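Trainee: Protein chains in written order, with the working numbering: chain A, 11 to 165; chain B, 470 to 1139.
Read the hints as simulated data drawn from the structure, not as lab findings.
A couple of the hints might just be wrong.
What the hints assert, rightly or not - Covered by chain A, according to a simulated footprint, are these stretches of chain B (three or more residues, beta-carbon under 8 Å):
{"id": "1", "region": "540 to 546"}
{"id": "2", "region": "570 to 580"}
{"id": "3", "region": "848 to 861"}
The structure displayed is predicted, hence computed values, not measured ones.
No residue lacks a Cβ here, since even glycine has one placed at the ideal position from N, Cα and C.
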Amino acid sequence: MNNDDTFEPVIIGFTCNWCSYRAADTAGTARVKYAPNIRLIRLMCSGRLDPTFVLKALANGADGVLITGCHPGDCHYVEQNYKALRRFHLLKRVLTQMGIEPGRLKLVWASAAEGAILAAEFDKFINEVRALGPLNLPLQKQKTFSTPALEEVAA
Amino acid sequence: MSEKIGVYVCHCGTNIAGIVNVEEVSQWAGSRLKDRGVVIARDYKFMCSSLGQELIEKDIKELGLTRVVVAACSPHLHERTFRTACERAGLNPYLCELVSIREQVSWVHTDKIAATAKAEAVLSGGVERVIHNEPLEPLKVPIHPDSLVVGGGIAGIQAALELADGGNHVYLVEREPSIGGHMAQFDKTFPTLDCSACILTPRMVQVGNHPNITLLTWSEVTKVDGYVGNFEVAIKKKARYVNTELCTGCGICVEKCPKKVVDDVFEAGMAKRKVIYIPFPQAVPNFPVLDAPNCTFFQKGTCKACEKFCPTNAIDFNQKDEDITVKVGNIVLATGYDLFNPRRIPQYGYGRLENIFTSLEFERLCNASGPTGGNIVLKDGITPPKTVGIVHCVGSRDQNYNGYCSAICCMQSIKFAHLVHERTGADIYNFYIDIRTPGKSYEEFYQRVLDEGTHFVRGKVAEVTEVARSPEEEGKLIIQVEDTLIGKQRRIPVDMVILSAGLEPRYDAKETGKLFGIACSADGWYIERHPKLDPIATMTEGVFIAGCVQGPKDIPATVAQGAAAAARIQGKIQQGEITLEPIRASINEDQCSGCRICNDLCPFSAILYHEDRAVSEINAALCQGCGTCVAACPAGAISGTGFSNEQILAQIEGLLLLNIDQKESKKVLA
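Pulled out of the complex, with its shape left as it was, chain B reads as follows (with noise of 0.2 Å):
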């Protein structure tokens, strides 16, 4: 063997000596290794300590080690130490491999003489392995500085602010006609009951006056293609049949359409607005958008009393949907959440019983701007209710529905109960399962509402019903409760119910997903990179999340994580350049018979055909290195680096002490 190995066995204080031998390890590797180019076999306590890599360098240094094994914790821990301690030293850094005798030895058997034997077996596959790495240069590409933000809400508008505050530019994309998500449809916002328009508007105004914001409402993202710091994504703008240069935003259409519909959208199915309209009136941009489906002049070819009123001729009924491309670096995805639909809980009643209301369609009822200016009323618009009953967790914590907690219910629960008793002075019943308040001042909001003289009743509620069993109980919704605190069946007359109904993922979230290439998780929330340490960056380079899409949070947590994601990225763009790993695959075009069975198998499309050559060709930058390819090829024709077949084939003599006496494998089998 031509090459110089060492090898390095980590004590890893007793995680790893507590059950491995390492030292028998370590002797094992310096002789019976020996003909497989092992020239130096180590152990130490802490391989990973500035003490441990300094013996890396020293041997690579004195002895000319040509490849390096370590056998210590997970790749994903230290490898890249390990890699950079040898290039320190001038060796190549995928020269070093990294195996696990930790996580997947020490760590996971209780018998010492097996697990023992088993770390000289992955080691002598860490060792055969290593003798077909290959050096490698890691690949630059260049960072486009503008990024793209998905999504017009809080988390959106924040990312985009930060980032075009600091210098560079930004396209916000929001498929709705204004930005403002669902924050804008709130009334105040706990635990400071501030005015919730009133402090997203000037973000809101902010971001549409922004000279380093191109604001792309009433748009949708349509293809994305390209890998980090050079992505090329379609949008397409739908049409607005308004022509946004003449338009003034002086409302004159809306005001003179004949026809209304129900606003499900903004409104929450509470109102009706005109098929023509801006969605609430401090929207951003203030263009009015005409809803083509329900108008009398696309129905029927009649009307058209908006343009005949518009001062500035803005009104275009012949105009159509754009489609653009713009190139950016990087991607946030804001997309924010959707409501769970109570209509899934049959006993709740909800759709078929009057004054029941989602959260959100209690936000409308209490936003001065909504349906009823802001009074508390029942579905009459006149009555106040005298008694309002709020039930908590539905569809939430609820082994039939969603199984998580949707973190925010029972701050927005309180925050109900704390409206109606302001606005109606009404007798109002909480029921909860647990009461979360972990944020700041949240707790002492509870206490609050408390001290007000709410009534919180333990217990899942059982059904809402206007079946009355009593007189009292006539011409009522009764909620069916077991009081868990006192043990009794309680029915509790009420003239309202608020149902605090959980968040939900997009209804679309998996294929916009698919699109950005990231994954959802079993309950449809977006994979992070890792749950703790990383929760804005998801597996594909380039593309982040922030608030609601990657799981339910409050408004700060949301904030602070699109500032995360615009700082994360404003790093990147910085450097100007972006380093990716060399992990590629690469075709022979000597080998290559242009059988073309790769180039549908890769879903980067980074595999091209060459019709003149007949000939396939691999993208490097775009290839992400799966290898499915490299599998595939019947003539063996295209190569992994960091993973080739040599490579893969000689760690599995290695594990199975193939190139060692036969006895011996059998032994170590113990």
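Here chain A stands alone, though its shape is the one from the complex (with noise of 0.2 Å):
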């Protein structure tokens, strides 16, 4: 815990290789500050994104979760974030189903070049986490995420 125990957010961030994750290199290079309570990870596009993904993020500890991606039109992959969009609203009607705050999981469209708007865009989710409080599920200390079809193709 923090020296005055205020509570920090650990948040997960989901970027896509072709606008996200490029925009969120923009905001390194052009030197934007933010928070340093995010993670980002790469996919290399954001119909990548396994709404399971999102479930152990938050089982494993983090208080929060980012899903990013190009703009709607903008795919580079002609149109999967449409899907990840589907998902993502889909998700978030589980999550609150599950007892967990529809606040903890944001989509934020980023192109490239807009590096500034995407450490914004961090900041402010990060700030919303931080109200929410921390997620306190009981964490699962798992070695891997498995279910029995993972198992078998894993084999």
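Both chains are sitting in their own frames, so use the hints and assemble them into the complex.
Mentor: Right, dumping it as structure tokens:
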């Protein structure tokens, strides 16, 4: 815990290789500052986002998850960000049913040039999750995330 | 853990080390991540240098490393550098990961303790992920040596000629009856005042005669399938109703045709043409086209004058559109621009008041083969103007219309001022916001026109009106403008107004882009791979852009881009095959239940369904690796190489420091 016992959220952010990850890089190159609470994972496309990733992140200690990708119409793979959008909306409802505040999951579009905008969105989301407080799900200490299907595929 | 992981933390001079305590991160990895398989952790000033890379290569050879993680700059910069270093040392390059602790940590955070803690988390994420990396081999696909150039303006012509001169076959597709594009419409070009047709037509003729160019005018691309090196393109050759094997281009059919319609393409609406027509005298190819929707025969079943008088029986009213398919390895999109429509600015009176012309219309007025034989006269066809107003930035640099600068309008407006001065001796006013003359000899041209006595008024024109407030204004067009250099409103009566309308993307640019798999920016111009370092490539391998499709530019820049696209393609053709990144998806047939949810998700049509076995299969060469199907499969039957479920789930654990003492995890949240 922090010395002064203030809660600092941990956010996992999913970025897409072509737009939002490059936007984060652009923010870096421009030295735009944002809070250190967010840790990014690079996917090739926001369409790669499996809802299980979000659930795992929350189950393993994250207090919030941010999904980012190319603006609708600009997806490098044509239209896969629309599929990410659909999954996001359904997932939000599922999370609410599980008793997790919907404000812990957010979707933001950013193009490769919008570094400053993305950095501002990071800060905004971090503040929103800080206000919600820690998630405090009982932590899963599994070494790998296994479902029967995945185990067979891995075998 | 059976893997032997080497961790390398880069200082990047002070770029990283100035904020992140790199020695601490390296020591932390060496001790706390030992149980995860890290056998060596080093930090070094510049990992991307030869010495830095050698550190990795030495450790691979001496310690038998099976995985490498470098914590440094963005993978978009040096992932390939480190992967190649691993390859040199005998380790499969895809077993190396680069995580960013510079763009995403040291450059964006100020709290050193928090930044160091985050760097440790990011590194841990990379370590957990790399354990699940698999050795991959890049795909090699052959490159078809033919190329497709879409658009027969100067950009497309340049690209086609360079490719053809290089010994490669090119299909040049143009949707108008002749190549030439907008440049064929101009009279003189700035700053040299070269006659546009005189410098363009020799190239057009070369294209028409070149043994390596298949010229398909009056044609459009309807479908593009395939991937770089192996595109299959469907082209519709629209019916000309003229048999080009028999036609000699004599032009008798055009002469005898009894019906005229307004030519709103080449003549920009300033003149009429016949229903069967050759767009301009120097057209390539020199075959006429019959405008069927306006043809008396197609409307009423009578006339057929052209057929009667054709000496070679070349007119064929039964001709149909022809659909062909061609195979090419690379594509250049050079479809040009459209002009901003000044009707959208009602206060400028265009379309409502007489003697207000757009830039393209004025070009036709100046052109010797235009409606007035090159005489600059008013709409009555006889009277030359005594005063002319030229308005810059119409629809450009304007929050209400297009925010960008159209790059060529200042020079074009100055050119118009020169031509009006030369041919009419009229009093000329140019209304500008800034004078932008950056090219070679451009500023000198501006000085020359200043010396000729043209008045330059710095102010955005508010209104063009015919409502006179004084006797001098009667019968004139009055330009209302604030002259910002003297701080006064002015009303300047003129006989003729020329609106330098801005450049816009083609009205169907977005649809055309979708056909080829490329996207448009917010302004509608196609998106280049990198705005500074790669303006002619796109995010789609094998598809290139040249000329104004990428953004407004002058002729020299357009020609340079056409040549650049050709050079890039020649380089690829020479290599004979292209290497594709092995980031692909594949379906485990035993897991697949045949639900077909994945089939419709693929925008590249890479997933086939086998009816007999009731399973789906992915074509590895068509697959672009987006991973949407991997995420969608309810059975988890699809795996994605390079971004597998195992890798990402492990990375999540690593980022949250799950496999390390939980108390530690809380501490690093700082």
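Trainee: Check the structure against each numbered hint from earlier and tell me which ones fail, lowest number first.
Mentor: Hint 3 alone not satisfied by this model.
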